[in-house]
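Residue numbers (numbering that gives the first Met the number 0), protein chains in the order written: chain H, 0 to 265; chain B, 0 to 302.
Please note: incorrect hints may appear among the correct ones.
Chain B is faced by these chain H residues, among others (derived, beta-carbon under 8 Å) [unchecked claim]:
1) Pro11
2) Leu15
3) Arg18
4) Ile20
5) Arg99
These are computed hints drawn from the structure, not numbers from a lab. Cβ atoms here follow ideal geometry from the backbone N, Cα and C, with glycine treated the same way.
Spelled out from the first residue to the last, the chains are:
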Amino acid sequence: MKIENKELTWLPFVALLRREIKRFLKVIVQTLVSPLISSFLYLLVFGVSLGSKIQLESNIPYMSFLIPGLMMMGLINNAFQNSSSSVVTSKFSGDLEDIRVAPITNHQILWAMAIGSVVRGGLVAIITYIVGSIFVCFSQGQFLAIAHPLITLCFLVLGGLIFGLIGIAIAFWARTFDQLSAFSAFILLPLTYLGGVFISIRELHPFWQKVSEMNPLLYLINGLRYGILGLSDVDLTHSFAISLVGLVVFYLVAQWSLRNGSFQRW
Amino acid sequence: MIPLKITDLKKQYKSPRGESFEALKGVSFEIHPGEIFALLGPNGAGKTTLISTITTLEKPTAGVVEVFGTDVVKNPRYTKSCLGVVHQEVINTGFFSVEEILDFQSGFHGVKFNKERLDYLMHKLALYEHREKKVKQLSGGMKRRLMIAKALVHNPKLLLLDEPTAGVDVSLRETLWDFVRELQKEGMSILLTTHYLEEAEELCERVAIIHRGEIKALGATKEVVAQFSQKKMVLTLNADSPLNSKYLLKQEKNNYEFMVPTEMTFGELVESLRLSPALIKDVKIEEGRLEDAFMKVIDGGVR
Numbered sequence: 000m001k002i003e004n005k006e007l008t009w010l011p012f013v014a015l016l017r018r019e020i021k022r023f024l025k026v027i028v029q030t031l032v033s034p035l036i037s038s039f040l041y042l043l044v045f046g047v048s049l050g051s052k053i054q055l056e057s058n059i060p061y062m063s064f065l066i067p068g069l070m071m072m073g074l075i076n077n078a079f080q081n082s083s084s085s086v087v088t089s090k091f092s093g094d095l096e097d098i099r100v101a102p103i104t105n106h107q108i109l110w111a112m113a114i115g116s117v118v119r120g121g122l123v124a125i126i127t128y129i130v131g132s133i134f135v136c137f138s139q140g141q142f143l144a145i146a147h148p149l150i151t152l153c154f155l156v157l158g159g160l161i162f163g164l165i166g167i168a169i170a171f172w173a174r175t176f177d178q179l180s181a182f183s184a185f186i187l188l189p190l191t192y193l194g195g196v197f198i199s200i201r202e203l204h205p206f207w208q209k210v211s212e213m214n215p216l217l218y219l220i221n222g223l224r225y226g227i228l229g230l231s232d233v234d235l236t237h238s239f240a241i242s243l244v245g246l247v248v249f250y251l252v253a254q255w256s257l258r259n260g261s262f263q264r265w
Numbered sequence: 000m001i002p003l004k005i006t007d008l009k010k011q012y013k014s015p016r017g018e019s020f021e022a023l024k025g026v027s028f029e030i031h032p033g034e035i036f037a038l039l040g041p042n043g044a045g046k047t048t049l050i051s052t053i054t055t056l057e058k059p060t061a062g063v064v065e066v067f068g069t070d071v072v073k074n075p076r077y078t079k080s081c082l083g084v085v086h087q088e089v090i091n092t093g094f095f096s097v098e099e100i101l102d103f104q105s106g107f108h109g110v111k112f113n114k115e116r117l118d119y120l121m122h123k124l125a126l127y128e129h130r131e132k133k134v135k136q137l138s139g140g141m142k143r144r145l146m147i148a149k150a151l152v153h154n155p156k157l158l159l160l161d162e163p164t165a166g167v168d169v170s171l172r173e174t175l176w177d178f179v180r181e182l183q184k185e186g187m188s189i190l191l192t193t194h195y196l197e198e199a200e201e202l203c204e205r206v207a208i209i210h211r212g213e214i215k216a217l218g219a220t221k222e223v224v225a226q227f228s229q230k231k232m233v234l235t236l237n238a239d240s241p242l243n244s245k246y247l248l249k250q251e252k253n254n255y256e257f258m259v260p261t262e263m264t265f266g267e268l269v270e271s272l273r274l275s276p277a278l279i280k281d282v283k284i285e286e287g288r289l290e291d292a293f294m295k296v297i298d299g300g301v302r
């Protein structure tokens, strides 16, 4: 490889990452404020109103149980939204071709966009945690402590990267807005709701437990739950291993989509 | 080193129904260092496809494109860092201001601390006072100028201009051409596609005429004009006299209009008419234009 300019190794990546972050900050109401309101409502309805009537096996208050689930749900939804809508709006306005014409590699594109997704998803997760903590503080008199900060961080990054990459894969492949929203509505939404955000799968019928175990989201949600609460439905190493495999698989899928998908304007 | 060398480039598009369409049928040409080269052709001739293969937006079906001696397929990162492109269609970035767009563009091309260059370009292209506006707030002409500024942030050695003056008013067009000349003086090599033949004639040392994916004519602008166009000579005689010549186009009273090959001189015409010079009252000569050459090539006069 003959690259005269050493700056090309990092600068295009940094520029794209900055662009991704700046983009969602420009539409902050849609990207950060609206998730804040929806997690507030979830906590109010499920946590406060229904939560008092729910008794979990593990004796953890339902509100505390719910918080990591909502954090992961906010994280993956926003990570997916960030990369996919960035690519799709760029396809619409035509500036995706600018990226193709610039001396930037596919790996740089993937990492910059996926990390941009982690940042937005991570911010939403942190906001959800803070709002949830305030609720917990009101009902139990103390803030929700994080049991294992490193494990928490690890699963936040994994979840953000995986769904950022899925967003890229779908958006490059998609030829219409419909295909994109079909993925959100028919795949992403059911998987999150059935992945143990609101329920402990131990409360389910054994058959449905088996079905839930096939849901890859279960492992991300329970990994994060272990990080925050110190216990979860699924073994930690199990969660970790499956999430890592997910990361590798979706990285390859996103790479394939980038190579074969279209940069062209709609 | 040769800025751009294209060898036997072919591009085939396949429609979903399986029909294939050959947009480029073996195109070859090269651009000399520091020249402005024009690629002329009617709509759908393959100009944009050609530009897209140089920028790697499209992969060639066959053939080689080399930018400064490097194959664009084999080392796209190097070739792209030497290239600046102004696309035919105006790109509309919804989220960012003019200044931010140029800043990101610098980053994409690996240029750090580029404020000086960006300020220079914005002043030069009269965008400075609009630098905080978003693209949709700009007028058509400003959008065009933004596209050009974007292509120049990294000071490329080869600039590709895909119909940069389509839909641009006369005065702005003049300013843009002056700017292009200035860039050439700084040592940039420029490939230009355009519909405005007059300007290609004025700006470019060499031209190629492309039609249905094939290069039909290629060479120094003057030679192409000479080869494919004719000169018009109008003679006004003192008296009405019967003239017989295969070059005679029409006669109005004592005005005689001739179409002659470009290389033919006035003296040769007079000699062929066996006309006494004393009879000639006035002469008007109109040189052939690129437009005539272009029309002749496109109409199938050249095979």
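Hint status (Cβ of Arg18 of chain H to nearest Cβ of chain B, threshold 8 Å): 5 Å, holds
Interface hint compliance - Ile20 of chain H to chain B, C-beta minimum distance less than 8 Å: This interface hint is violated because 12 Å lies over the 8 Å limit.
Is the shortest C-beta separation between Arg99 of chain H and chain B less than 8 Å? 6 Å, holds
With chain B as the partner, please determine if Leu15 of chain H meets the hint condition of a C-beta pair closer than 8 Å. 7 Å, holds
Against chain B, with CB atoms and a cut of 8 Å, does the hint on Pro11 of chain H hold up? 5 Å, holds
Comparing the model with each numbered hint stated earlier shows that hint 4 is the single one that does not hold.
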